[in-house]
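Every number in my numbering is 64 more than the matching position in the sequence shown, counting from 1.
Some hints could be false.
What the hints assert, rightly or not - Estimated spans, in silico, between C-beta atoms of each pair:
1. 143 <-> 73: 42 to 50 Å
2. 117 <-> 95: 15 to 23 Å
3. 92 <-> 124: 39 to 47 Å
4. 152 <-> 112: 54 to 62 Å
5. 114 <-> 86: 56 to 64 Å
6. 69 <-> 116: 28 to 36 Å
7. 144 <-> 116: 23 to 31 Å
8. 101 <-> 80: 16 to 24 Å
9. 116 <-> 151: 48 to 56 Å
No wet-lab data here; the hints were simulated from the structure.
Everything numeric in this text was worked out from a predicted model, so none of it was measured.
Every residue gets a Cβ at the ideal spot worked out from N, C-alpha and C, and that includes glycine.
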Amino acid sequence: MSLKDDAEKLLIELREKIDELIEKGKDASGEVREELDETIEKLKVQRDKLEVKIDAFREKNEPKIEEAKFHLKNAMEEIGKAFEKIFKKGPRAEEM
């Protein structure tokens, strides 16, 4: 799983947990309700900060990741060609 997928999964889980707290808080009353509301708001702020950091990281590193993927793909193609050439040559094979 990629870093992007991990980050997205984490954010989805955070949203789900916050939603669960909101649902549980509907049945709470008085002081407990106030504490839950405060906790939920703090979690939302933390989640939003995390989203901003993840977006900034992604924006900064995405071009580098894409460039690395491009070079890895080219390297794999060259390795594949080298293996083909090696295996086509053999004691009885003609040279290309």
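When you take the CB atoms of residue 144 and residue 116, is the distance between them in 23 to 31 Å?
-> Roughly 41 Å apart at Cβ, these two residues miss the hinted range, so it is violated.
_Quick check: does the Cβ-Cβ distance between residue 69 and residue 116 fall within 28 to 36 Å?_
violated (19 Å)
Determine whether the Cβ-Cβ distance between residue 152 and residue 112 falls within the hinted range of 54 to 62 Å. Check passed, 58 Å falls within 54 to 62 Å.
Query raised in the report: Is the hinted range of 48 to 56 Å satisfied by the C-beta distance from residue 116 to residue 151?
Result: For residue 116 and residue 151 the Cβ distance comes to about 51 Å; the hint holds.
* Check the following: the C-beta atoms of residue 92 and residue 124 are separated by a distance inside 39 to 47 Å. => With a Cβ separation near 41 Å, residue 92 and residue 124 satisfy 39 to 47 Å, so the hint holds.
Query raised in the report: Honestly, do residue 117 and residue 95 meet the 15 to 23 Å range at C-beta?
Result: violated (33 Å)
### Query
That 16 to 24 Å hint for residue 101 and residue 80 (C-beta), does it hold up?
The hint (16 to 24 Å, Cβ to Cβ) holds, given that residue 101 and residue 80 are roughly 18 Å apart.
Outcome for the supplied range 42 to 50 Å, where the beta carbon pair is residue 143 and residue 73
violated (32 Å)
Could you check the hint for me, namely that residue 114 and residue 86 are 56 to 64 Å apart, CB to CB? violated (18 Å)
Checked against the numbered hints above, the structure violates hints 1, 2, 5, 6 and 7; every other hint is satisfied.
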